[in-house]
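Number of protein chains: 2
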Amino acid sequence: MFSHAKLIEDAVNEISKLPGIGKKTAFRLALFLLKEKKEYTEKLAAVLCKLRLETQYCKQCHNVADSATCRICANPQRDQATICVVENIQDVLAIENTTQYKGLYHVLGGVISPIEGIGPDQLQITSLVSRVKAENTQEVIFALSTTIEGDTTAFYITKKLKDCSVKISTIARGVAVGGELEYTDEVTLGRSIIGRVSYQ
Amino acid sequence: MFSHAKLIEDAVNEISKLPGIGKKTAFRLALFLLKEKKEYTEKLAAVLCKLRLETQYCKQCHNVADSATCRICANPQRDQATICVVENIQDVLAIENTTQYKGLYHVLGGVISPIEGIGPDQLQITSLVSRVKAENTQEVIFALSTTIEGDTTAFYITKKLKDCSVKISTIARGVAVGGELEYTDEVTLGRSIIGRVSYQ
Numbered sequence: 002m003f004s005h006a007k008l009i010e011d012a013v014n015e016i017s018k019l020p021g022i023g024k025k026t027a028f029r030l031a032l033f034l035l036k037e038k039k040e041y042t043e044k045l046a047a048v049l050c051k052l053r054l055e056t057q058y059c060k061q062c063h064n065v066a067d068s069a070t071c072r073i074c075a076n077p078q079r080d081q082a083t084i085c086v087v088e089n090i091q092d093v094l095a096i097e098n099t100t101q102y103k104g105l106y107h108v109l110g111g112v113i114s115p116i117e118g119i120g121p122d123q124l125q126i127t128s129l130v131s132r133v134k135a136e137n138t139q140e141v142i143f144a145l146s147t148t149i150e151g152d153t154t155a156f157y158i159t160k161k162l163k164d165c166s167v168k169i170s171t172i173a174r175g176v177a178v179g180g181e182l183e184y185t186d187e188v189t190l191g192r193s194i195i196g197r198v199s200y201q
Numbered sequence: 002m003f004s005h006a007k008l009i010e011d012a013v014n015e016i017s018k019l020p021g022i023g024k025k026t027a028f029r030l031a032l033f034l035l036k037e038k039k040e041y042t043e044k045l046a047a048v049l050c051k052l053r054l055e056t057q058y059c060k061q062c063h064n065v066a067d068s069a070t071c072r073i074c075a076n077p078q079r080d081q082a083t084i085c086v087v088e089n090i091q092d093v094l095a096i097e098n099t100t101q102y103k104g105l106y107h108v109l110g111g112v113i114s115p116i117e118g119i120g121p122d123q124l125q126i127t128s129l130v131s132r133v134k135a136e137n138t139q140e141v142i143f144a145l146s147t148t149i150e151g152d153t154t155a156f157y158i159t160k161k162l163k164d165c166s167v168k169i170s171t172i173a174r175g176v177a178v179g180g181e182l183e184y185t186d187e188v189t190l191g192r193s194i195i196g197r198v199s200y201q
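Order-wise, the sequence lines are chains A and B. Quick note: the first sequence uses our numbering, first residue 2, plus one each step. Quick note: the second sequence uses our numbering, first residue 2, plus one each step.
Keep in mind that the hints were calculated from the coordinates and are not lab data. In this text the structure is predicted, and so the values were computed from the model without any measurement. Any given hint could turn out to be false.
Any copy, or any two copies together, can satisfy a pair, since identical chains are not distinguished.
[Stated by the list, open to error] Straight-line C-alpha distance at most 16 Å; calculated EDC-like pairs for lysine to aspartate or glutamate:
no. : residue 1 : residue 2
1   : K7        : D67
2   : K39       : E183
3   : K38       : E15
4   : K7        : E55
Kindly generate the complete structure, drawing on both the sequences and the hints.
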């Protein structure tokens with residue numbers, strides 16, 4: 002691509018390193034910044050630096066936080082006896098958006114995947130086990146991917162938690178709300194029959 | 002959307018002001034920055050501020066430039082006697098990418114559009130006319146949109162240039178290279194017949 006000016010070229014190169022943004026989009030964004038007031042660019046730049054330099058990870062659940070403890074862990078109204086185990090920060094957001102869960106979280110930072118070279122030691126499993134032991138945890142809910150890696154991780158953690166008298170569960174798998182049986186894959190439909198809920 | 006932390010919330014709000022970027026994409030970009038080294042965010046922020054604060058507009062053609070004159074106007078190898086009139090900076094880029102044009106440009110900054118309240122005075126028309134008069138311009142090529150606004154603008158400038166002995170032309174309209182006649186709209190096909198090129 003022909004470059005208009007070194008300043009634009011540099012900006013396009015950096016912007017296009019962001020995921021899902023190619024050179025053309027980056028160029029469009031650069032021109033947008035040029036058209037907008039200079040205060041916007043300054044604020045954007047400041048906020049990005051602040052985000053990167055000041056964001057911390059909650060020392061208890063490893064979610065992102067403004068301080069040492071995240072908003073969820075610091076909230077006394079949350080059910081302190083239930084921990085939902087998720088892979089990453091996006092999953093916390095997804096579950097929070099349902100407004101159906103009032104317990105705490107534990108962000109593993111991924112799942113056990115020998116192919117990608119991720120073992121239990123690279124994940125926040127030890128801290129989860131010591132958390133369950135130290136606190137008076139009643140239930141651990143797995144909300145991991147339904148993949149071999151997700152199932153392996155859940156199985157591994159379950160074994161580690163054998164000595165603790167804690168209820169262990171996993172989120173329900175089944176036909177989506179509003180989903181048609183005809184178009185649901187066999188595995189999901191099979192699971193929805195096994196995990197059927199009785200009317201009473 | 003539930004907010005994890007004030008820092009992320011602020012970043013998502015600012016990022017999602019960019020065109021074509023919604024809250025979800027902004028959140029994904031914020032998480033990407035958190036995963037990357039902090040040097041990347043700092044460099045990105047610096048380059049955006051530099052772009053916004055240091056970019057100038059060429060005093061001759063109004064294209065973006067690092068200094069008072071843009072790279073194209075400053076290049077003595079370009080044909081100084083030909084000026085291609087375009088609406089915006091992206092159009093300069095599009096024509097430059099063809100590598101078929103060796104003359105100079107003139108960026109109007111838009112087209113005359115009474116509906117949007119854009120009159121000739123808001124565009125770089127006066128500077129184009131004085132440029133053509135002052136320099137020894139031989140040809141002015143219009144590369145404007147084929148809309149009523151684009152045609153009006155070309156017509157208005159043509160009238161303003163009446164006194165100058167300058168050749169005025171417009172880029173060819175016709176069937177795209179590789180395009181099928183069957184699927185070409187009538188207006189374009191009609192123009193391609195009127196503007197036919199003889200084999201000799």
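Hints, one by one, checked against the model:
1. K7 with D67: between (37 Å within a copy, 7 Å between copies)
2. K39 with E183: Classified as neither; 55 Å inside a copy, 49 Å across copies.
3. K38 with E15: Between copies, since 14 Å is at most 16 Å while 21 Å is not.
4. K7 with E55: between (31 Å within a copy, 11 Å between copies)
When the structure is compared with the earlier hints, a violation turns up for hint 2 alone.
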